[in-house]
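Start from the sequences, fold in the hints, and give me the full structure.
2 protein chains.
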Amino acid sequence: MAPMGGALLGFREFYPEDCALRQYIFETFRSVASTFGFEEFDGPILEPLELFAEKSGPEIAEQLFHFEDRGGRSVAMRPEMTPTLARMVGARAAALRRPIRWFSVGEQFRYERPQKGRLRAFYQMNLDLLGESAIGADGEVIAALIASLKAFGLNEKDFRLRLSDRQLWRHFLASRGVSDDGAAGILNTIDKMGREPESVSREKLCSIVSTPVAEELLRSVKELSQCTTLGALGAFFRSNGHGAAMDRLREWEELFNILTAMELAQFISIDLSVVRGLAYYTGFVFEAFECGGESRALAGGGRYDNLVKKLAGTDMPACGFAIGDVTLGNLLREKNLLPRGVCNCDFWLAFDDVNKFIALRCANLIRQKGRSVLYSLVEHLSLTKQLKFADRAGARFAVLFGFQDETGCSGENLCVLKDMRTGNSRTISINSLLEECACLT
Amino acid sequence: MAPMGGALLGFREFYPEDCALRQYIFETFRSVASTFGFEEFDGPILEPLELFAEKSGPEIAEQLFHFEDRGGRSVAMRPEMTPTLARMVGARAAALRRPIRWFSVGEQFRYERPQKGRLRAFYQMNLDLLGESAIGADGEVIAALIASLKAFGLNEKDFRLRLSDRQLWRHFLASRGVSDDGAAGILNTIDKMGREPESVSREKLCSIVSTPVAEELLRSVKELSQCTTLGALGAFFRSNGHGAAMDRLREWEELFNILTAMELAQFISIDLSVVRGLAYYTGFVFEAFECGGESRALAGGGRYDNLVKKLAGTDMPACGFAIGDVTLGNLLREKNLLPRGVCNCDFWLAFDDVNKFIALRCANLIRQKGRSVLYSLVEHLSLTKQLKFADRAGARFAVLFGFQDETGCSGENLCVLKDMRTGNSRTISINSLLEECACLT
Chain E
364 MAPMGGALLG
374 FREFYPEDCA
384 LRQYIFETFR
394 SVASTFGFEE
404 FDGPILEPLE
414 LFAEKSGPEI
424 AEQLFHFEDR
434 GGRSVAMRPE
444 MTPTLARMVG
454 ARAAALRRPI
464 RWFSVGEQFR
474 YERPQKGRLR
484 AFYQMNLDLL
494 GESAIGADGE
504 VIAALIASLK
514 AFGLNEKDFR
524 LRLSDRQLWR
534 HFLASRGVSD
544 DGAAGILNTI
554 DKMGREPESV
564 SREKLCSIVS
574 TPVAEELLRS
584 VKELSQCTTL
594 GALGAFFRSN
604 GHGAAMDRLR
614 EWEELFNILT
624 AMELAQFISI
634 DLSVVRGLAY
644 YTGFVFEAFE
654 CGGESRALAG
664 GGRYDNLVKK
674 LAGTDMPACG
684 FAIGDVTLGN
694 LLREKNLLPR
704 GVCNCDFWLA
714 FDDVNKFIAL
724 RCANLIRQKG
734 RSVLYSLVEH
744 LSLTKQLKFA
754 DRAGARFAVL
764 FGFQDETGCS
774 GENLCVLKDM
784 RTGNSRTISI
794 NSLLEECACL
804 T
Chain Z
364 MAPMGGALLG
374 FREFYPEDCA
384 LRQYIFETFR
394 SVASTFGFEE
404 FDGPILEPLE
414 LFAEKSGPEI
424 AEQLFHFEDR
434 GGRSVAMRPE
444 MTPTLARMVG
454 ARAAALRRPI
464 RWFSVGEQFR
474 YERPQKGRLR
484 AFYQMNLDLL
494 GESAIGADGE
504 VIAALIASLK
514 AFGLNEKDFR
524 LRLSDRQLWR
534 HFLASRGVSD
544 DGAAGILNTI
554 DKMGREPESV
564 SREKLCSIVS
574 TPVAEELLRS
584 VKELSQCTTL
594 GALGAFFRSN
604 GHGAAMDRLR
614 EWEELFNILT
624 AMELAQFISI
634 DLSVVRGLAY
644 YTGFVFEAFE
654 CGGESRALAG
664 GGRYDNLVKK
674 LAGTDMPACG
684 FAIGDVTLGN
694 LLREKNLLPR
704 GVCNCDFWLA
714 FDDVNKFIAL
724 RCANLIRQKG
734 RSVLYSLVEH
744 LSLTKQLKFA
754 DRAGARFAVL
764 FGFQDETGCS
774 GENLCVLKDM
784 RTGNSRTISI
794 NSLLEECACL
804 T
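As you go down the protein sequences, you meet chains E and Z in turn. Under my numbering, the first residue of the first sequence is numbered 364, with each subsequent residue one higher. Under my numbering, the first residue of the second sequence is numbered 364, with each subsequent residue one higher.
Simulated from the structure, these hints should not be mistaken for lab results. From a predicted model like this one, the values you see are computed outputs, not experimental measurements. There are no misleading hints in this set.
Heads up, the list lumps identical chains together, so a pair's fine if it works in one copy or across two of them.
Below 27 Å or equal to it, Euclidean Cα-Cα: the simulated DSSO-like pairs (lysine-lysine) are:
#1 K732 <-> K513
#2 K520 <-> K732
#3 K732 <-> K698
So, in structure tokens, the structure goes:
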């Protein structure tokens, strides 16, 4: 037959070297999340379509792999974890001890035009803290994000976390007389300001508020976006007089005190121009970005106190973040921070025909101690050939059974242990080998 | 809004306790596969529909979640890994060092009526050895399967591997004058014999061969199926004279010698009534079954020397197996072989308002050593309350910062380490705590 085609556009095949890196990224994140006391959960990859439409509106279907299943039900491959998280937490809200600390490592699917750093199937590492509205919870989640990125060997020269605050923006807009209804459209405009010509932003603002107000907004939004210290934020709001904003700034201080105590404050850049498009954020929002280079976004998150209520009917303040595997993997590769392929062969067993079954018995016993063992699966090979295979497999040690003529080792229950790195050999009893094998490195 | 519905029928939500068990099963399998020198790979969850139709015929679509994507392409959620494996191996056949030892842990999807032990989304742990036709390869794969099940604590009273052989069956049928074309239909009938009335089997056989031949076949198939030792198989084929079968039995002996050397032969039951429905098996086939109880199938596999050629155009002998997570998980649960929830909190930090930031600094440093740390995220809590939280979280140790009146500990840079299991406390310098924390258990 004609050889089959490849994988679908935007989907990846993971050959062993790719899979090892994927697992390294997942396991590193899992370790950090565990040190913060977070527990892993997961949900179905296929969900009712309405689960996602409920959160994001019916137009989300345009970006999804969705279809009608054979039972006539509209289903979609999940584009994100949050709606599933909300459902699961909501269903057991009464039984779960708060705060709920959950993380997940899951594949997500979006029908988008594939491009660098953006695929149709990708993994997200999510971490969410639910049931706690105190600033300590925001601090905990931000600390977990920074600690996760640090665990890959990234430092403050490699990435920075841009911190902003929906609540501060709302106070600011309220002080300008903008209603909560108008705020959404204005925040949406602010979110895009860096990427659109000023004339477009001005036009959008004018469609929401009167022209003089729009002009004043445009000016003060720019001014606020340029505040990069707590002091500057304080000065801005003092001179633009709004008490609620000053109260909120005390919570900013609290957050910085927490992150300073944890020796993580140097990773934070105050940047109010970050708004994050998703409408459901209610408080602190943040994005982790690569410093310099392509300035790619590595992760994002924030506080979303109303979403679980909206989706699952349960009051549940929450904050969290998501790290994508594609951009992070690319960055780690460029920075040479991905581990080299690990040796997958601790012991290569070489044996002559007489000693084959003695060697196989040892293979079984060494493997039971957690060490990896390989040998040739075909018979009657010369010692030279078997050692060549050992070398190719990157074996750490070779163990020779028999081959009396070549090794001079003739006693029963003896074998020769060869260090493939140094080339040194020593004769050793099989019992000693079995005792030592767990510790030989 | 009205709370949303639940997950789709046949799909699972993994709450932390479920997720921990899933990860335990995956990690145990990964460890064993690694000791045999196998490397993990993975492929896309969504594939072109024709990838599966090529192997199993177009009627496979009936059992799949398949749809037309927005680009008009017929796609399906993978029901198994083997076609993807064949494509990936075929695409790099020239570069990959043989034998290829690959395993995978992946979710699969089938549109079937959900029932006990059978879901619409489930995980399979696959292990395949490709590029080697020697019996040693069959031995290696069977040994890896038994070692995997043993690693969960299952022993020869819990499960057995029923071993059969498509090649022996073909020799047998050839000796009865059945052509290779007729053999497929007859093997299919033999596969179902245990589950169908004899009259049905007889009728099926009569539609393929003449009635007298069918009668003789029925009798000798039953006789062959009752052979449970190598000696009995030898006697059967000697008296039913077929030289090729006797040659094949020497390969059986070789396989048993390998498994005996590895101290695994006691897990094998010779059972020629196992044929395995899938048409692509060409040699040894096997199924791991629960002993007693519901006699559920835990895993299955065998040699499939022609499939990679058929799917990817590359000559590539192969053998392998798949373990499903659902039945295995149920069995381990019933046998009480699943680990208890592990403590997710090594240290609970309790602090008064003055010492909060000292405690947070310690939290960060202890976490960097890989230990998990929790504390209350709200302020101004009494020591009693914080210790109650520590207890509820199952903390191994509590560390008290400040609370001079309660603890009598007043020095700077001192804290109190409380063993939550024994209730014992000792005053310790913060520096000593940071040094010891990695080793405290």
